[in-house]
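Enquirer: The chain contents come next:
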Amino acid sequence: EVQLVESGGGLVQPGGSLRLSCAASGFTFSTYWMHWVRQAPGKGLVWLSRIKGDEITTNYADSVKGRFTISRDNAKNTLYLQMDSLRAEDTAVYYCARGAYLAYYMDVWGKGTTVTVSS
Amino acid sequence: QSALTQPASVSGSPGQSITISCTGTSSDIGAYNYVSWYQQHPGKAPKLIIYDVSNRPSGVSNRFSVSKSGNTASLTISGLQPEDEADYYCISYASSSTYVFGIGTKVTVL
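One line per chain: the protein sequences are L and E, in this order. In short: position in the first sequence from 1, add 69, done, that's our numbering. In short: position in the second sequence from 1, add 14, done, that's our numbering.
Only chain E is shown next, with the shape it has when bound in the complex (with noise of 0.2 Å):
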């Protein structure tokens, strides 16, 4: 159960896009169509961006897109707005029956 592989930090101008990777294994993001985003500002809850793979929930901007290879998934965050500094996280269910998060990617907008 190590935790999924996630650049430690990303930065992007207002107006770009950035792109956010997270990759695990055969037993996690392989095998299953089962991965989630969470963005989390300090000291804040997280809050759910994206779930299997590619589905946005209500209220959830498009400028959030994901797509998946293998085992690595990669968030797109297109139009970077100053709101969207924050942690952001992936989540994978996993073999056994578990989940595994990622280590967390810290996005600055400069």
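One chain only, chain L, in its complex shape (with noise of 0.2 Å):
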């Protein structure tokens, strides 16, 4: 079974920093783009971040860019974000995605960790 689970979050205070994880399991994952996506409480799905199978080939949303750091491990199917100067609006549910094989849409999604900055 193709599965994500992501795991990581918790309380911060502002200016801290938190690394993310999201651990792959049922298929492949050295040949799938891993995304990472956001939900802030009551508010809209947001794309941050993407990562090629080659673990170098990143992208990043303006928003959290020189902030907020995408790698994997294909060596241990995992997925990570770190996050620094972390801010009160980084507060979200944070989820990894795959992005399905030679396409341009993420097709399984993890349940997502949450992340609450606040002091």
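No lab work stands behind these hints, which were simulated from the structure alone. Any given hint could turn out to be false.
Heads up, simulated DSSO-like pairs for lysine-lysine below, C-alpha to C-alpha not over 27 Å straight-line [stated by the list, open to error]:
| # | chain 1 | residue 1 | chain 2 | residue 2 |
| --- | --- | --- | --- | --- |
| 1 | L | K134 | L | K121 |
| 2 | L | K121 | E | K61 |
| 3 | L | K145 | L | K121 |
| 4 | E | K120 | L | K145 |
| 5 | E | K61 | L | K180 |
| 6 | E | K58 | L | K112 |
Note that the structure is predicted; figures quoted are calculated from it, not measured.
Taking the hints as your guide, dock the two standalone chains into a single complex.
Expert: Here it is, written out as structure tokens:
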């Protein structure tokens, strides 16, 4: 069964850092683009970033460029999101999603992990 | 990277058809046939219902259909059913290799 499980969320103070993880199983992880998407409480979905299977090629939304870093470890079948200089407006549920093979949409999503930025 | 424009809410009675518009620009919807749609029930992860403008994944009802013209894509739900009550989001691939979501539309079945 194809599965994505996020972890690493929690409460962090403004200005702090947090690293999210997304454990993948049931598919050949290294051949897929992987994405991070977030959803603030009561708000809509926002695309944040994606990383190619080569572990090198990345893209970011302007809103997080320079503060968030996406990475992956294909040997561990795990996707990461390093979040620095966190602000209250970063409070959200963070989802990882698989980019469909050779396509431009996300076909499998995790259940999300909650990040709360507050003092 | 401004969010795509969707109506905040749309409602309809069971059996009716409703349409949700998703308007972008010539840098996203107008430039690519890479628009997808997601359904999200409260507290749940988004579920893919349409990809590449008008294709449905296996298992998704054919009551969902999409059209695209210029910078606007439109999702039609025909034969509205109670389980269709959810939030719906469009998303498009965009220039600079990024993606942009719509603001989301809450569908209410009256």
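Enquirer: Looking at the structure, which of the earlier hints fail to hold?
Expert: Hint 4 is the one this structure does not satisfy, whereas the remaining hints hold.
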